[in-house]
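Protein chains in written order, with my numbering: chain A, 1 to 394; chain B, 1001 to 1208.
Here are the simulated lysine to any residue pairs, SDA-like style, with alpha carbons at most 25 Å apart: (1) A/Lys-246 to A/Phe-265; (2) A/Lys-246 to A/Ala-232; (3) B/Lys-1078 to A/Gly-304; (4) A/Lys-78 to A/Pro-367; (5) B/Lys-1078 to A/Asp-298; (6) B/Lys-1078 to A/Ala-300.
Think of the hints as simulated: they come from the structure by calculation, not from any bench.
Note that the structure is a prediction, hence the values are computed from the model and not measured.
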Amino acid sequence: MSAFEPSATCPSHDPLGHTVELGRDRPILLDCGVGLSPVTVAYQTYGRLNADRSNAILLCHALTGDHYVADPHPITGKPGWWIDLVGPGNVFDTDRYFLICSNVLGGCMGTTGPKDVDPATGQPWGQTFPVITIGDMVRVQARLLDHLGIGNLFCVVGGSMGGMQVLEWCVSYPERVFAAIPIATAARHSAQNIAFHEVGRQAIIADPDWREGNYLQHGLKPHRGLAVARMAAHITYLSETALHRKFGRNLQDRDAVSYGFGPDFQVESYLRHQGSTFVDRFDANSYLYITRAMDYFDLAAQHGGVLANAFANTRTRFCVVSFSSDWLFPTPESRAVVHALNAVAANVSFVEVQSDKGHDAFLLDEPEFHATLTGFLEGAAEHRGLPRKGGTFR
Amino acid sequence: MMVVANGNLRVDLKLIADMVEPGSRVLDVGCGEGTLLAWLGRHKNVDGRGIELSMSGVSAAVSQGLSVIQGDADTDLKDYPTGAFDTVILSQTLQATYAPRDVLANMLRIGRRAIVSFPNFGHWRVRMGLLLGGRMPVTDTLAYEWYDTPNIHFCTIRDFLMLCRSLGITVEKGIALDRDGGVLPFDGQGGVANLLADQGLFVLSRPQ
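Start from the sequences and build out the full structure, keeping to the hints where you can.
Here's what the structure looks like:
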């Protein structure tokens, strides 16, 4: 511990997180051709950066996640999305690793997104915000790391859209990533997933309060559209088994069906609740932009249609994880990534965790999943020369 | 089960481990919980990878920091580039593959050498079981009934050697083993081995 010198540019943990303005001198060039400047990034850190800056782990959040990984959400008050995994002696051991998570570009929890004011007009960006990609999100994260003085990451990890960012990191900045854990994700968004996203987007756009995306100027929010989008998406995060176990055909606060369209079934009531609580914390335009970014994601397409080419000469250690009942990002998607990595003789582990909890399993208590993460990190730490569990910083 | 109490490797795995060059790249196909890979990493500084069918095996292996993927010899070998490994190991698994010929060919494409072990269906006890009992043999090394066996492509040592010859594979070494994996004192490639060996262990190299 004595060798540890805290970095002037690496703030320690604050429950409310941190923000930094990037790109004022050097705009961040987006895939769509627009140079964005400046970009505010909201982020959170846990643990401490070691003296040789070799213990940083970047956590990438999913579509509707944010950087409150292990802190209560400032709006909902709910515990962080990976609170069970972050902490001293935990999977992401804050005694040994320095964890960073930033709200993605286009998000609505502090990082520049469509609900923020366009400095050029003084009005919220709304639909004039440039269309962003997963590559753009990662570009902004890389700038954040530059700002924090972190050259190389020990590990980058994330599930779902976070997993897409992990893969993008390994392809765009291979020399900066020692180990990578893409979870419940894919190297390209499938037609079915684009279709589900389109249903959500059309629900938002069909809401009269959306006002061509200018709802903030009208003091409105397209609550109904966004809630429907969330309801539809939420179904895709669960499994048939999990839904049935939780709700079956049970009725909500009644003994018989009502012969009407109120929430007769518990599952309906649950979905309505999911929809209505979501609109309190999420911006409708952010939802449009971020789902679009996922739709555009196709790593192979950027590399001559051959996914293996994307990973050529990679030296990163990979641990690919899927869940058996995930039908949004089913195991074959992960297997395609594994096959591409095998084709370039990459160092890869792959585990399909048996779970009936669907896509959301990566956010839930899955002991086998957590054991896999711990074991992989332990092996990677050993190869990186980081201290073992219970050890101190070098 | 895979490791004896003093932390040493099972006898047949130790034999295989001794044939692996220090610091080499090794793929263990059907690696189970990764016992051999872990030993090779620790004692021979081997850059090891594994493929394992069973979820519990993969999970146990990855949880101890090994690079193991969930997959099988029939479907996953074809992805690896030619010459990716120095040695590819297939221990007690060949007889459970759908296409042993393709598996063997792929092993020697992606690896410079292959080490293969399998139960010998030519063993006298197997022959006697079929000849006198008139039933599919169930022995210590072949412990399944015909209807629930994962072993779908049995071969004798002689069968195996003929397949190697037809694929142009060089057999560098053949070792005859007893049921416990102990080395028997005769040539692993001869007719005696085909009659008396419970298992065969072979070191193969790529066709020139």
